[in-house]
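K.L.:
Going line by line, the protein sequences match chains A and B.
Just so you know, we're using our numbering here: the first sequence kicks off at 12 and counts up by one.
Just so you know, we're using our numbering here: the second sequence kicks off at 897 and counts up by one.
Since the hints were derived computationally from the structure, they do not count as laboratory data.
One or more hints might be untrue.
Derived contacts from chain A toward chain B, CB cut-off under 8 Å, selection only [what the hints assert, rightly or not]:
# : residue
1 : GLY78
2 : GLY114
3 : ASN191
From chain B, some residues computed to sit far from chain A (all C-beta separations above 12 Å) [to be verified]:
# : residue
4 : GLY918
5 : GLY936
6 : GLY954
Think of the CB as a built atom: it goes at the ideal place given N, C-alpha and C, for glycine as much as any other residue.
The residues making up each chain are set out below.
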Amino acid sequence: MTTVLAAPPAAAAQTRTAATVIARLVRTELRLVLREPLVLAFVFAFPVVTALVIAGSFAAEDAPDFGGFEPSQWYVSSYLAVVIAAIGLVMVPVHVAAYRERGVLRRFAAAGFPRWSFAVASLVVGVVLTIVGSAVLLAFAAPVYGLPPIQDPLWMFAGVVVGALAFTSIGLLIGSLVPNARAAQGIGLLAFFPAFLLGGGGPPPAVMSAGMRRAADFVPLTHVTESIRDPWLGAGTGAGHLALVLAVLAVSALGWWRAVRL
Amino acid sequence: MGTVVEVRGLRKRYGDRTVVDGVDLDVDEGEIVGLLGANGAGKTTTVECLQGLRRADGGSMRVLGLDPTVDGPRLRSLVGSQQQESALPDRLRVGEAIDLFRGPRAAHVDGLLAAFGLTAHRRRAFSALSGGQRQRLFLVLALLNRPHLVVLDELTQGLDPAARRDVWEAIRALRDGGTTVLLVTHYMDEAEALCDRVVVMRDGQVLDSGTPAQLVDRHAPWASVRFTSTADTDWAGLPGVRQVHRDGAAVEVHGDRTMVAHVGAELVRSGRVPSDLAVLMPDLEAALVSLLTPGGSR
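Taking the hints into account, I'd like the entire structure generated from these sequences.
P.N.:
So this is what it looks like as C-alpha cells:
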C-alpha cells in the first residue's frame, strides 16, 4: 500500500504573493529596457528628434491650421502620444513575442507566476516608460520652443496614463498573436508609422486631404493625442477622446486575456 | 515511501490529434524516474499536464497531493521545473534571475551557486554563459525554492559530454539529498546512468516501465562475443548460444548472457584466447530499440 503525499501545509502561506511577483517583474523589465539600446533610441530619442524637426518645419505656419494655437505648442503637447505609440507598437510587441518564442513566459508560468502577472507588469512598465520618455521629450523641447502651460492637469494626466495603458495593451495583444519576434517587429513598425503621421506626429489635420482626415479619425493614436492635447492647451477636457481610448484599452485587454499564447 | 506523482488514464488532444492517450504513471518519494521515448511520444505534454501548464482532457492526476488542474499555481510553487526550449532574457544576469525567481522558501543562494560552479558568474548576462553554464543555471533555478519534486525536461540536450556528466553529478546529488526527480530524456545513456525506474512512451502511450535492468532483461536479453579464431570449435553447441556467424576467421557468437561465460571458458580451455576478443552486452538503448521498433519485442 502506498501513501500519496500531501502538499506541505505551510506552503500556502509561503508562496509568493502576486504583488511581489509583479513588483519583481517590473523591476527586472525596467532594468532590461535600460540595456536595450535600440529600444532606448526608439522610445526616448526618436520622439525628441522628430518633435524638434516637425515643430521647427511648421513653426512659420498659420495658427488657424493648428486650431488657433502656436504650432510649436501644438506639437510639443502632441508628441507625448508619439512616445506612447513607440512603446506600445514597437517595443512591447517585439518584447512579448520574443519572450513567447524563447519560452520565457513558459518559464514564468512554471515558476508559479500568475498567468496575468507579466501582462500587468508590462502595463506598469509601459506607464513608467511613458512618463520618463515624456520627461525626456519635454526637457529637450522646453529650451527650444518653451512649454505651454497645462490648463487642465488632471484630464491631461488621465490622457497620458490611459493612453499608455491602451497602447501597451495593444502591444501585448500583437505580441501574443504573432508567430515570432520578427513578425512582431514588422507588424509593429507597419502600425507605428501611419499612426505617427496621421495621429498627431505628422502634418496638422488642416493641411491633410479630407480622406486622410477621415482615416485619422479611425486611428486610435489620434484620440490619445487629442485626449492629452485638448486639456493641456485648454481646448476642452478631451473626455470624448478619452472614452474612445478607454474602449480601445478594454477591447485589447480582453484580446490578450483570451489569447492562450501570452 | 509516499507517492509523489499518481496519474491514471491521462489523455490530452491538440485539435483532433491525440498526443497523450491513457497514460498511467507513479513516482515515489526520493526516486529518479525517467520518461523515455522518441520525439512526439507525448513526454513533454505529460509533464506539462502534471505541472498544470496544460489542461488534460481526461484522466486523474495527483501531484504532491494536489490536483494540477485546480491547484496549479500552488503546485508550481512546490515543483522545480526545467522546461524544454525555455530560456531567459539575454541581458538578464545570473544574480538577477535568482532574485526574480526566489520565493519565501528559497535555499541558501551562495551555497547553491557554489555547488553548481556559478559563483564567479553572478554578474554575467545569460547570453554570455556557455551551454553548460546555462543548464547549470536552470538547475539552480529549478532547485532554488527547495522543491519537493523536480521536473527536468531534456536538461542536457546540446551539451558536450563533459558538461553532461557535470549535470548528471548534480542530479545524483539531488537524489542523495532526498529530492524526487522526474527526468524527461531521449538519451538512453542518461536514463541508464541516472534513473531508478524508466517509463517508455510511444504515440502517447506507456509501452513498458521498470528499472533499466528489468527493461534490458525483458527486451534485450541477448549478448554477442566477437573474436578471430581458425579453430573448428563447435560454438553452436555451447550452452546459451543461439546463432554463430563466421566470416573467414572472424567469429561472432550470439546468445543469452550466460553464453558469454561458456564461450570464454572454451577459449581458455583451448589455450587460444584471441587478443581481439570483444563482448557486447545489451544496454538500455538496445532494449529501447527492440521495444520501439515495430516487430521488436512488442
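K.L.:
Compare the structure with the hints numbered earlier in the document and write down the numbers of the violated ones, lowest to highest.
P.N.:
1 and 3
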